[in-house]
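Trainee: Below, each chain spelled out in residue letters.
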Amino acid sequence: MLCLRDVDVHYGPIQALHGVSLEVAEGQVVTLIGANGAGKSTVLRLVSGLIRPTRGEVLFEGASLARVAAHDIVARGVSHVPEGRRVFAGLTVLENLEMGAYLVRGRAAIRAALDEVFELFPRLRERRGQRAGTLSGGEQQMLAIGRALMGRPRLLLLDEPSLGLAPNLVQSIFGVIAGIRQRGVTLLLVEQNAHMALRVADRGYVLETGRIVLHDTAERLAADPNVRAAYLGE
Amino acid sequence: MWAHYLPRLVLYVAIGSVLVGLDVGLPRLLNAYLVQILVFVACNIVLATSLNLINGIAGQFSIGHAGFMAIGAYATAWLSTTHGQRLLAPYEGQRLEPLLIVAYLVVLMFLGGLAAALGGLLIGLPSLRLRGDYLAIATLGFGEIIRVLLLNLEPVGGATGLRGIPQYSSLFLVLVAAVVTVAALHNLGNSVHGRSLLAIREDETAAEALGIDCAHYKTSAFVIGAFFAGVAGCLYAHYTQFIHPRSFDFMKSIELVLIVVLGGGNLRSVILAAVAITLLPEGLRLVKGALHLPFDPRMAIYSALLIAAMLVRRERVLQAVLPGRKGGGLRE
Chain A
1343 MLCLRDVDVH YGPIQALHGV SLEVAEGQVV TLIGANGAGK STVLRLVSGL
1393 IRPTRGEVLF EGASLARVAA HDIVARGVSH VPEGRRVFAG LTVLENLEMG
1443 AYLVRGRAAI RAALDEVFEL FPRLRERRGQ RAGTLSGGEQ QMLAIGRALM
1493 GRPRLLLLDE PSLGLAPNLV QSIFGVIAGI RQRGVTLLLV EQNAHMALRV
1543 ADRGYVLETG RIVLHDTAER LAADPNVRAA YLGE
Chain B
113 MWAHYLPRLV LYVAIGSVLV GLDVGLPRLL NAYLVQILVF VACNIVLATS
163 LNLINGIAGQ FSIGHAGFMA IGAYATAWLS TTHGQRLLAP YEGQRLEPLL
213 IVAYLVVLMF LGGLAAALGG LLIGLPSLRL RGDYLAIATL GFGEIIRVLL
263 LNLEPVGGAT GLRGIPQYSS LFLVLVAAVV TVAALHNLGN SVHGRSLLAI
313 REDETAAEAL GIDCAHYKTS AFVIGAFFAG VAGCLYAHYT QFIHPRSFDF
363 MKSIELVLIV VLGGGNLRSV ILAAVAITLL PEGLRLVKGA LHLPFDPRMA
413 IYSALLIAAM LVRRERVLQA VLPGRKGGGL RE
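Sequences listed follow chains A and B, in order. Last residue of the first sequence: number 1576 in this note's numbering, and the count goes up by one each step with no gaps. Last residue of the second sequence: number 444 in this note's numbering, and the count goes up by one each step with no gaps.
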């Protein structure tokens, strides 16, 4: 479904990605793990068109995204939940979700998407009239994910959904990820919490200073002694 | 089915009859000075609500709004003094004349609006690259460029100003324009377009990630806001009959920003603030006479009241006065 071929990315004179290749098959959950500054978020920003590769190709469903504007990439079915949630703090929960359906046409379709999101996050239904800025961190993360789902994406890019959340909230966020997957949405998940990420993912890529150093099924990565030492704290 | 539209219809009829009543009654009740103040109030409502679209809703801090007003005022005043008057001259004194004047002014408002919208496009494009303080400085520069350009443009009077503009505008027409502007901006604010602008104000990256074409919407806010400012300029010029680049200087832009900030971004409170800020300096003229002061404390009191208003309001005092709130205020 998504394919990166030998991609370089530069931020000014600094090279952030070195010949990154990866593949996400339809219906899978693929995780990118790595330390701070390894280039995980850069990969997501690259896919959603916020930055452009200096070399290599990004293919979504076989078509190159090189000349597709960020807002048009969304229209093709790729939703990005950026790091740090970025909910519209001054708008209500419902208004946030409605903005997520910006590209969805027809009241019935928006209604259906909304019901689905509320089913996934009952808490958001309770708080729909509340301003997003007054939500707790976990609720804001739910809102950010829910907002992205309102656009009915086929590929969801999740950037550090567990960032700054209490452990039991981390559990529930990963529960939600499993729920999203059941609805047939493909996921590319960036995480520092490698433990949880490898538990929900089918496959994983390990990124170190802009290079893919390892990729395998999630189970085998979780069992790999190097991964265990470097990322699972064992 | 149409019972659904009944309250709205009643509202429109009520507004319409109030306006007609004002048109017939006010010039008889009020002297020319008071009528002129009301014209300025209505002009400022158009200007402030249109600036609110750019500053309040889209969150693009612009302090050059008087520049757009100037474009609309000068473009239409120039048209009227060079062509318009001659065009309408054969009909002078005829029964058709008032109707023709209104029709002519409506066309003129559109032209003035379009000219200003072009300016909005011009300043909207750099806004795509600038944010916050930098954008504010760029819009300030734009406003000043317009003013200096007009100051040196001999065909429109240059530093002596443009005089002899026919008085085609009236309190009634300005009030109608204000109502239409507010209605249009109200509907825009509640549409997908308005919501997208709100989303851009709240978080541009997130908005882009939802598929909103930020560049398009930000430019559109400037173009639409400028359009209405141009309309206001046209009405202003054709009421005062004399315009000078000084009428559209930096202080005018600041006055408008002040109204928007005081109004807290909410349309109704912006209107209220426009009324208050326009009436206040005029009302304070009475203080000197009433207290038998040897000096005029008008501007001192005005400034003190502004400081007090900002201190007290913290979060939208004017909104607290008005019940019900929809949409957003300015960014906290």
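Hints were generated in silico from the structure; no laboratory data involved. Just so it is clear, the structure is predicted and the values come from calculations on it, not from any experiment. A virtual CB, placed ideally from N, CA and C, is assigned to each residue, including glycine. Any given hint could turn out to be false.
[Stated by the list, open to error] One side of the interface only, derived from the structure: several residues of chain B facing chain A at Cβ under 10 Å:
no.: 1; residue: Ser308
no.: 2; residue: Ala311
no.: 3; residue: Arg313
no.: 4; residue: Gly323
no.: 5; residue: Pro393
no.: 6; residue: Ile419
Trainee: Mind checking the CB of glycine 323 of chain B against every CB in chain A and telling me if the closest is under 10 Å?
Mentor: holds, 3 Å
Trainee: Taking the closest Cβ pair, is arginine 313 of chain B under 10 Å from chain A?
Mentor: holds, 8 Å
Trainee: Would the stated hint for isoleucine 419 of chain B survive a check requiring a Cβ distance to chain A of less than 10 Å?
Mentor: At 26 Å from the nearest chain A Cβ, isoleucine 419 of chain B fails the 10 Å test, so the hint is violated.
Trainee: With a cut-off of 10 Å on the beta carbons, see whether proline 393 of chain B makes it to chain A.
Mentor: violated, 32 Å
Trainee: Checking hints one by one. Is alanine 311 of chain B an interface residue toward chain A, by the C-beta closer than 10 Å rule?
Mentor: Given a least distance of 5 Å, the restraint on alanine 311 of chain B holds.
Trainee: Please check whether serine 308 of chain B passes as an interface residue: C-beta within 10 Å of a C-beta belonging to chain A.
Mentor: holds, 7 Å
When each numbered hint is compared with the structure, violations occur for hints 5 and 6.
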